[in-house]
Amino acid sequence: MSRNAAEWMQQPKFPRSHFVDSRIYTDEAIFREEQQKVFNKSWIIGCHESELPGAFDYRTFHHPGGTPLIIVRGDDNVVRSFYNVCPHRGNTLLYDPVGNAKRITCIFHSWSFDTKGNCVDITREEQGFQKRFCKADAGLREVRTEIGFGGFVWVNLDDGACTLKEYIGDALGMLEGHMSMPLEVFHYHKAVVHTNYKLWHDTNSEFYHDYMHYFNRVTGMLQPGYFERKYTGYANGHASVGSMTIKYDAYEGGKERGVGWPGLAPGGWILIDIFPAMTYNLRTSVLRMDTSIPLGPNKLLVEFRGLGLKSDTPEQRAERVRDHNTIWGPFGRNLHEDLLGVHGQGRAMRPGSEATWVLHGREENMTIHDEGGMRHFYAEWSKRMEREAYDPHGDRHVSEVP
Amino acid sequence: MESAAPTPATRIAIEELIYRTCLALDEKNFKAYLDLCDDDFRYTITAHSPEIRKDMIWLDHDKAGMQLLFANLPRHISDHSPLTRHAIVFTVDHAGELTQVVSALQVFKTTLDGGVTELFAIGRYLDTVRVDGTIPKLTKRVVKLETRQFGFGNHIPF
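Chains A and P supply the protein sequences, listed in that same order. Using my numbering, the first residue of the first sequence is number 1, and each one after it goes up by one. Using my numbering, the first residue of the second sequence is number 1, and each one after it goes up by one.
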């Protein structure tokens, strides 16, 4: 039976933890607040160490909180991060996504900095500033940086934040034995989609949408062990999904993956979501890493990386590339479907559209089609935002028990 | 073997082959597309990522692999916006049976709702064509893409 307006907005017959108000996906003010309270306070992956192979190699990074960063390896081999902002007149220091710079020199007035963030040259310093201001006053703003958990370079804009190890806690325990060897990025591409970043993270946090993926249905859902995969929630909003054996040859033309991954069973698949918007997705034989950079409440940039082992032979690497492309490449079988799915959500729940409820109500003992992974995320989101996801503006009058 | 300019008739036949591949894919007439390809056909999509300083392979299939890919398409969910491929043949270097052809490629996407057309991708076709008799066949196609962002993407090769 269809519903009228009042019935449509009637509180769902679930506990308050089992649904959210769609305005959390569309409201500009909430988005700006998320940048401050969530992204600027969290450890975020900026790049991978293999993207900075040598001294003075740098990578620019658009931090999801909105601040542009430089990530650079010094000649002491230490990777540091700085605001990509000249302390003089606020110009961009480095424009290219990658490069090698012994000195970082602003194009505007030629102020120069070394890879430790020291200002090493102010043009006509004495003539202009006399003794009132000098290079020691003009260092770059350094951002806390740590390398870990597969060789990723993590940054945190909050000088008072906990350590990366404390932030991750036990969440990446399932991957511990599988990331002991150095990794290398072999695939990188971006996608911009008009949707909210949380909806992409949701897609990585629930497997009920495997109904959308023919590949996942035949290689996973129809295979033994699929419905035993369990979600586990961890402190700080992270969540994992247990492994099973994927039957890759069940897809027409598919074949079992020949090249393995350290410690992971053939056909194994582990997925771990890191709050607020990163996902480790390890299928024998490739690690895929998604990092989301929200550009607005309804505009999202996702970075997709594919990683193999640094020690790969050319033949092993070619196999990993092929395995990656089959489902995860820009012309693969799955990725396009996932992006289309969240594009549809962004289209239906765009700013200005009438608010609706979004349900996270499935309970299946935290197994694969349970929506507990998303509930776990929104509990953390609500805590950090000091807003309830089911009633972000306090005007819904939602009762605990409907 | 030294390369040489093809005869005008051969060049016309080769250009028409390239354009027919575009028309066949635009019409999703995959059988017609594969009929334009040799039995030992190889299809590859490549792109260079400045971000990771690496050349990438995004798709790589032989003729049977392409046939399977096309056969599997209806089993997957796709955006239904039609793509239109525009190729312009730049160079044709003839060397014996095999001819190297470089073409500019532009792919346009047109929305079903309203018919807005946007540039979807640019790149080049780097083709190897076998000219054996009067009908040239595509032996190898490398789609070298400059565009690396496709929004919510596309299942169907260029």
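Among these hints, one or two may not hold up.
Stated by the list, open to error - Pairs of lysine-lysine residues, derived as DSSO-like cross-links and limited to a Cα-Cα distance of at most 27 Å, are as follows:
#1 P/Lys31 x A/Lys255
#2 A/Lys41 x A/Lys383
#3 P/Lys63 x A/Lys255
#4 P/Lys31 x A/Lys190
#5 A/Lys135 x A/Lys165
#6 P/Lys140 x A/Lys255
#7 P/Lys63 x A/Lys247
#8 P/Lys144 x A/Lys190
#9 P/Lys54 x A/Lys190
As the list claims (entries may be wrong) - So these bits of chain P aren't anywhere near chain A, every CB distance computed over 12 Å:
#10 Asp39
#11 Glu51
#12 Leu119
#13 Leu126
#14 Asp132
#15 Gly133
#16 Phe150
Claimed, not checked - Covered stretches of chain P (chain A as the covering partner; in silico rule of three or more C-beta atoms under 8 Å from a C-beta of chain A):
#17 53-60
#18 64-75
None of these hints come from the bench; they were simulated from the model. The C-beta atom is built at its ideal place from N, Cα and C for all residues, glycine as well.
So, going through the hints one by one against the coordinates:
Proposed proximity of P/Lys31 and A/Lys255 is supported: the alpha carbons are some 24 Å apart, at most 27 Å. Restraint check for A/Lys41 and A/Lys383: the C-alpha separation of about 13 Å stays at or below 27 Å, so the hint holds. A threshold of 27 Å between alpha carbons decides the hint, and for P/Lys63 with A/Lys255 the separation of about 17 Å falls inside it, so the pair holds. The suggested pairing of P/Lys31 with A/Lys190 is violated, with an alpha-carbon distance near 32 Å, which exceeds 27 Å.
Of the supplied pair hints, the one linking A/Lys135 and A/Lys165 is violated, its CA atoms being roughly 35 Å apart against a limit of 27 Å. Note on P/Lys140 and A/Lys255: the hinted pairing holds, with a Cα-Cα distance of about 24 Å set against a maximum of 27 Å. This hinted pair checks out: P/Lys63 and A/Lys247 have alpha carbons roughly 24 Å apart, not beyond 27 Å. Of the supplied pair hints, the one linking P/Lys144 and A/Lys190 holds, its CA atoms being roughly 17 Å apart against a limit of 27 Å.
Distance check on the hinted pair: P/Lys54 and A/Lys190 sit about 15 Å apart at the alpha-carbon level, within 27 Å; holds. Distance to chain A confirms P/Asp39 as a non-interface residue, since its nearest Cβ pair spans about 18 Å, more than 12 Å. With a cut of 12 Å on Cβ distances, P/Glu51 falls inside the contact zone with chain A, its closest approach being about 5 Å. At roughly 15 Å from the closest C-beta of chain A, the C-beta of P/Leu119 stays outside 12 Å, upholding its exclusion from the interface.
In this structure P/Leu126 is separated from chain A by more than 12 Å, as the shortest Cβ-Cβ distance comes to about 17 Å. A cut-off of 12 Å between C-beta atoms confirms that P/Asp132 is not in contact with chain A; the least separation is 29 Å. The non-interface label for P/Gly133 is consistent with chain A: the shortest C-beta to C-beta separation is roughly 32 Å, beyond 12 Å. Its closest Cβ contact with chain A, about 6 Å, brings P/Phe150 to no more than 12 Å, contrary to its assignment away from the interface.
Counting residues of the segment 53-60 of chain P whose CB falls under 8 Å from any CB of chain A gives 7; the rule of at least 3 is met. Only residues whose beta carbon comes within less than 8 Å of a beta carbon in chain A count, and the segment 64-75 of chain P has 6; three or more means the coverage holds.
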